[in-house]
Amino acid sequence: MEKPQNETSQTSGHKYILNKPMFVLTAVIGAIFAIGGALAGFYMQSGHVFLLIHLAEIVTILSITIGALFFSYGFTAFKPLLVPLGFGIPEEEETIKKYIKICESTSSILLIAAFFTFVLGLINTNQFLDDTEVVGEQIAAALSSFVVSLSAMMAFVVPTKWKLESLLTDRQVFEAKQR
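Quick note on this note's numbering: the sequence shown kicks off at 1 and runs consecutively.
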């Protein structure tokens with residue numbers, strides 16, 4: 001028997017309602033508002049958005065994060081990131097808890113990667129100490145590592161963790177109503 005699109009079953013036999021299109025829509029709208037609002041606010045403060053985009057910092061942070069997650073969790077590390085898009089929504093409580101742990105690990109790794117990238121940027125800046133304009137650009141690039149990491153956390157990782165936690169809460173509410 002095929003289960004309806006908006007219903008997910010638990011291994012315990014309990015079912016809870018999951019409106020998958022709404023689940024995905026809220027993730028997309030939330031990410032757009034988080035990223036768009038941050039960029040709009042920066043622009044309104046007379047910032048130039050391209051000052052935030054430094055390819056070297058982005059590559060360093062993403063490489064460290066992906067490498068550490070893969071080292072720790074293998075291919076499973078990337079499954080939670082697909083959940084807000086409606087792919088691989090876990091039904092078992094243990095899987096949801098594992099995905100939440102992966103999100104927590106991702107947040108920690110992103111912060112450590114940002115700090116590491118910032119220090120690398122400061123070390124690199126030392127070679128330009130005689131040129132104050134370049135020093136300013138180098139420090140801005142180094143600081144952008146925190147912007148990249150915190151943006152990834154605020155727009156994707158933490159909301160994904162909260163979505164996963166809401167799956168547990170929804171299930172608990174459903175089971176409580178059944179008692």
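Hints listed in this document are in silico derivations from the structure and should not be mistaken for laboratory results. For glycine and all other residues, C-beta sits at the position ideal for the given N, C-alpha and C. Incorrect hints may have been included.
[What the hints assert, rightly or not] If you anchor each label on the Cβ, the simulated ranges turn out as follows:
hint	residue 1	residue 2	range
1	M22	V119	20 to 28 Å
2	F50	E92	26 to 34 Å
3	L129	E104	37 to 45 Å
4	T26	L111	21 to 29 Å
5	V119	Q45	40 to 48 Å
[What the hints assert, rightly or not] Here are the simulated DSSO-like pairs of lysine-lysine, each with C-alpha atoms no more than 30 Å apart in a straight line:
hint	residue 1	residue 2
6	K79	K98
7	K101	K79
8	K101	K177
9	K101	K20
10	K177	K98
11	K97	K177
12	K79	K20
13	K20	K177
14	K97	K20
15	K79	K97
16	K20	K98
Right, here's what the structure says about each hint:
1. M22 to V119: 20 to 28 Å: This hint is violated: roughly 43 Å between Cβ atoms.
2. F50 to E92: 26 to 34 Å: Check failed, 44 Å falls outside 26 to 34 Å.
3. L129 to E104: 37 to 45 Å: Check passed, 39 Å falls within 37 to 45 Å.
4. T26 to L111: 21 to 29 Å: This hint holds: roughly 26 Å between Cβ atoms.
5. V119 to Q45: 40 to 48 Å: With Cβ atoms ~26 Å apart, the hint is violated.
6. K79 to K98: 10 Å, holds
7. K101 to K79: Distance ~12 Å between K101 and K79 Cα, so the pair holds.
8. K101 to K177: Since the Cα atoms of K101 and K177 sit roughly 28 Å apart, the hinted pair holds (cutoff 30 Å).
9. K101 to K20: 23 Å, holds
10. K177 to K98: 26 Å, holds
11. K97 to K177: 22 Å, holds
12. K79 to K20: Roughly 17 Å separates the two Cα atoms, so the pair holds.
13. K20 to K177: With a Cα-Cα distance of about 21 Å, the restraint between K20 and K177 holds, given a limit of 30 Å.
14. K97 to K20: With a Cα-Cα distance of about 20 Å, the restraint between K97 and K20 holds, given a limit of 30 Å.
15. K79 to K97: Judged against 30 Å, a Cα distance of about 13 Å means the pair holds.
16. K20 to K98: 21 Å, holds
Checked against the numbered hints given earlier, this structure breaks hints 1, 2 and 5; the rest are met.
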